[in-house]
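Engineer: Join the two chains into one complex using the hints; note that each chain is given alone, in its own frame.
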Amino acid sequence: MSTDKRITLQQAAEIVTNGSSLTFSGFTIWRRPFAVIYELIRQHRKNLHLIEVNGGPQTEFLVGAGCVDIWESCWVGHELYGKYGANLSRKVGNKEILVEDYSHAEMLFRFTAAATGAPYAVTQTSLGTDIHNPEYDVLGRAGKRDGKRIAKHKYIFTEDPFFDAGAQILIPAAKVDVAILCVQQVGEEGTVRVNGQLYSDPEVARAADITIVMAEEIVPEEYLRRHADQNTIATFEVDYILDCPFGAHPTGMFGKYDVDGAFLKDFYTNTRTQEGFDSFAKEWIHGLDHISYLEKLGWPRMLNLRANTALNYRPREHKGGK
Amino acid sequence: MSIYASPEEYGLADLLCCAASREVQDNEIVFAGTGLPMVAIMLAQKTHAPDLKLIFEAGTLDGRPPELPTSVGDARCETGASRSSGLFDAFSIAQRGYVDLGFLGGAEVDLYGNVNTTCIGDYLNPELRLTGSGGNPDINAFAKRTVFIMVHEKRRFVENVSYITSPGWRVKKWPGGEFVHRRELYGAAFRGGPSAVISTAGVFRFDEQDGHMYLDTCHPGKTPDDIKGMCQFDLDVSRAQGNTLAPTREELRLIHEVLDPDQIFIPKVKKA
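Protein chains in written order, with our numbering: chain A, -5 to 316; chain B, 7 to 278.
Okay, chain B solo, but in the shape it has when bound (with noise of 0.2 Å):
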C-alpha cells in the first residue's frame, strides 16, 4: 500500500496543509499565523522538521502547544515554550532577520506576489472595508521567505489589488508609487520574499529576477489551462511540473487524531 493517501481519502483542506507543511524545512524559524498554517507548522513539527523553532506574533517564542491555539493570542501558545513574552520582542526578533519562513493569507493577490487584506475598491471610497493589514506586511517584509495560502478565485487573483497590504516582488517606491523590484526598495534589509502561494488550485512560485508568479504543481483534477482561466493576470505555465503532492497516510493521521481532532481548522473529509 502507498504511504500517499488515495484522492478519496483525503480534503482540500488536508492538501493543502500538507503542501503547506513541506515548505517548513528543519532547525528553520517559523512565523505562524492563526488557522491552517498553525496545523501545518505543527505538523512539519512532527514529521521532518523536529528541531523548527515557532514564533507567535503574540509573543510567544519557541512554542510547543501540546493542543491547538485557536489564534497566537491563545493561552494554549505559551505552554512548552523558550520564552513567552510580548509584540516588541516578536517583530524586534522579526526585523532583526531571525526568521526564516512566515505563513499569510490574503484576499487578493497580483502577478507579483502584493497581497491586499485591507479594502476592496478604492481605498478611499470602498465598497468593502476588509480586516486591515495586521502583521502581514511586517512578516513579509522581514522574512527571508513567506509563503501565502488563498482560496483561488479568478477575482482574487488579479491585475492590480484593490491596495497593497503586503508586499510582492515589485512594489510601489514612494511618494511617486513607480514599480520597482523589491531589491532596489528595500537596501540593506532586504532578504527575500513571497516564495510560494498555495491556493485551492494550486502551487505557485515566483522567478526573482523578473518578480512574476509562475505555476509549479496543480491539484489533483486541475489542468494548467484551467488555472491560467482562473487568473485575471497572464500566468506562465511553462514550467508546471504535474500535481500537487497527496498527504501521506501518517500525514492525514497526524492531523485528525493529533493536531487538530476537533476540527477546528481542518475539516474530515467525510467517508462515502
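So that you can see chain A by itself, here it is in the shape it has in the complex (with noise of 0.2 Å):
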C-alpha cells in the first residue's frame, strides 16, 4: 500500500503554475473540481490557459477572478441557472481574455486524440460553419502559434486520401499540463472509480501530463481491485490524490449530492459587472478554506441537496405537482 500520492487542496493548487494549461472532469454543471477552483483563487494564480471538452461555472470563476488567459472551449453558462458565461462574455468584451472557438465533438475528439499520443483526429463535424473561418483564428492572430504545446494550425483542411469520402478537418490533439478531476471515488494507489456518465474524464486524464484526482472518498485499493471491471481509470495514469467530501459544490456529484441551483442563480445573477463578482468572491472564496466554506453553506441546505443513494439523485418533492 502507497500513501505517497495524497497531498491537501493548497498543494494541488500549487501544482498548477502560473502560465498552465488546464482542464477538468465533469460536464457543464457536474463534477467540477470547485474546491480546487477556490484554492486557485485564493492563490491568485494568473495567465492560465483553460482547454476544456465544454466550460461551465468553473470556467467562470476562473475567468471573473482575472486567472485565465486563454480559453478553447465550444461552452459556457449554468444549464438551467444561468443562460450564459456573463464573466467570460465581459472579458472578451474587453478584450481581456483570447477565446478559440471549437465544436463540442472537435474538443472531445482532440482530447481522444491527445489520450491516444496521436497528433491530431480527423472528423467531418461543424463543416460549412464559422468555426472554421480561417479568419477567425484567434490564437494564430495573437501569434501564439508555436508548435509546441499550442498547435501550428487551428485546423488542417483535406480530403479522404483512403476512401474518397471528401471534406475532412484535421484537429491538433488538446495538450495539457493539468487535468483535475473530481469522482466518487479513488484508491489509496490512485485507481478511480467514477458513478454515472464519465463525461469526458478517462479522456482527460489520459491527455494531461499531470493528473490530480480529488474524491469525496480515499477508499482501500483492494476494495476497488475487487471489481476491477467497474473501475475508470489506472493507478499509474493518476499523480496525485486527495480527499475532498462535497468539494464539486455548487455542481453535482451523481449519487452523491444534486447541483446546487440556487448557489448558481445567485452567482450568475450578482456577478454580471466585474464589481460583482469580486464582492461575491470577496464572501464566498476569500478568507475561507473548504471546510469553512461548507460551514457557511450549512448543514440544512447540504442535506437539502444530498441523493438519494437508492435513486442517485435526490427526488422532487412536487411542491408544483397536479
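What you were told as hints is all true, and nothing was included just to trick you.
A short list of chain A residues far from chain B (calculated; beta carbon distances all over 12 Å):
(1) N12
(2) S14
(3) K169
(4) Q179
(5) E215
(6) Y217
(7) H221
(8) P239
(9) F257
(10) G281
(11) D283
(12) W293
(13) R295
Within a straight-line C-alpha distance of at most 20 Å, the following computed EDC-like cross-link-like pairs (lysine to aspartate or glutamate) qualify:
(14) A/K77 x B/E133
(15) A/K(-1) x A/D233
(16) A/K77 x B/E159
(17) B/K160 x B/D128
(18) B/K178 x B/D128
(19) B/K178 x A/E129
(20) A/K89 x A/D272
(21) A/K89 x B/D128
(22) B/K274 x B/E15
(23) B/K178 x A/E153
(24) B/K179 x A/D158
(25) B/K274 x A/E311
(26) B/K179 x A/D131
(27) B/K179 x A/E153
(28) A/K142 x A/D171
(29) A/K142 x A/D63
(30) B/K178 x A/D131
(31) B/K160 x B/D116
(32) A/K259 x B/D268
(33) B/K160 x B/E133
(34) B/K59 x B/D95
(35) B/K179 x A/E129
(36) A/K169 x A/D63
(37) A/K89 x B/E133
(38) B/K179 x A/D154
(39) B/K52 x B/E256
(40) B/K274 x B/E256
It is worth saying that the hints were derived from the structure and are not from the lab. Cβ coordinates follow ideal geometry from the N, Cα and C atoms, glycine included.
Structural biologist: Here is the structure:
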C-alpha cells in the first residue's frame, strides 16, 4: 500500500503554476473540482490556459477572478441556472481574454487524440460553419501558435485519401499540463471509480501530463480491485490524490449530491459586473478554506442536496404538482 | 368533446412542446438537448413513439429517466438506460450515423437554416459573446434531421447571422467562404440537415433543393403576413397550410402531471 500520492488542497493548487494549461472532469454543471478552483483563486493564479471539452461554472469563476488568459472550448453557461457565461462575455468584450472556438465533438476528439498519443484527429463535424473560418483563428492572430504546446494550425482542411469520402477536418491534439478530476472514489494508489456518466474523464486524465484526482472519499485499493471491471482509470495514470468531500459544490456529484441551483443562479445574477464578481468572491472564496466554506453553506443546505443512494439523485418533492 | 384542447387551456410552451413531439417518429434514435426538447421527446415516448431511443450528449444511451433531468449531464439521465458511458460514445455514435433526429436551439437563424449561438456582431469585436456552439454544429452535422426551437423576433430571423455556429442547407466552403449547398460540402458524410424550425410564431420547413426556409403552419392568432413581417429575409409563405395543431388534452395531462409537474421547463397556463 502506498500513500505517497496524497496531497492537500493547497498543494493541488500549487501544482498548477502560473501559465499552465489546465482541464477538468465533469460536464457543464456536474462533477467540477470546485474546492481546487476556489484554492486557485485564493492563491491568485495567473495566465492560465483553459482547454475544456465544455465549460461551466468553473470557467466563470476562474475567468471572473482574472486567472485565465486563454480559453479554448465550445460552450460556457450554467444550464438552467444561468443562460450564458457573463464573466467570459464581459472579458471578451473588454479584450481581456483570448477565446478559441471549436465545436463540442471537436474538443472531445482533440482530447481523444491526445489520450491516444496521436498528434491530431480527423472529423467531418461542423463543416461549413464559421468555426472553420480562417480569419477567426484567434490564437494564430495573437501569434501564439508556436507548434509546441499550442498547435501550428487551428485546422487543416483535407480530403479523405483512402475512401474518397470528401472533405475532412484535421484538428490538433489537446495538449494540457494538468487535469483535475472530481470523482466519487479513488483508491490509495490512484485507481479511479466514477459512478454515473463518465463524461470525458477517461480521455482528459490520459491526455494531461499531470493528473490530480480529488474524491469524495479515498478507499482501500483492495476494495476497488475486487471489481476491476467497474473501475474507470488505472493507478499509473493518476499522479496525485486528495480526499475532499463535497468538493464539487456548487456543481453536482452523481449518487452523492445534486447541483446547488440556487447558488449558481445567485452567482449568475450577481456577477455580471466585475464589482459584482469581486464582492461574490470576497464573500464565498477569499478568507475561507474548504471546511469554513462548508460551514458557511450549513447543514440544512447540504442535506437538502443529498442524493438518495438508491436513486442516485434527490427526488423532487413535487411542490407544484397536480 | 374534442381530443384537442381549446386555446384557453394551453400556453405557447405547451404548443411548442407538442409540435416538437410530433416531429419524432417511432423507433428513431433521438439526440436530446437540455430544456423543452427533453419534455417533447419524453412526451413522444409516452404517446406515438414508445420505441424511440434517447441519447443524452453527456453519455447516456437509450435513456428512460423516470424524473425529468434538468440538463443532459444530470444524474437522472442514467436511470433505466441501456448504457451509461461518456461523450466519446455519444459523439462517435453520432458521427457513425446512428442519429435520426436532434433538437437544437439558437439566437439567430437565416433563410438557409444556418444558426448562431456564438456572438452578436463582428466575431472579433462582438457586441455580445453568447454561450458558444456546444454540440449544436455536431448534432446538426451528424443527424439525418434536426429541429430548431426558437423565440421568434425580427432581430433573430435575419438575412445574415453574425456567425454560422451550426450548418444549414447552404453553408460556407472554406478557405474561401463562398456559399455552397450542404450536399456539395459534406460528400459521403451528407445525411440531411435542418428539417424544421418551430418558433414562437409558427412552424417552418426547408426545401432541400434550393435550401430555403418556408412557412408550414401558423400558431393560432398569427397570419402568414404577420409572420412574413417578423423575418428580415423574404419568407416563402405560399405553402402555408393553416394553423399548427393544438395540443391534445391527453398531451397536456402528460406534460403537467407526469413529465414536468414542477414546471421546470413548461409553465402551466393560469386559468382565468
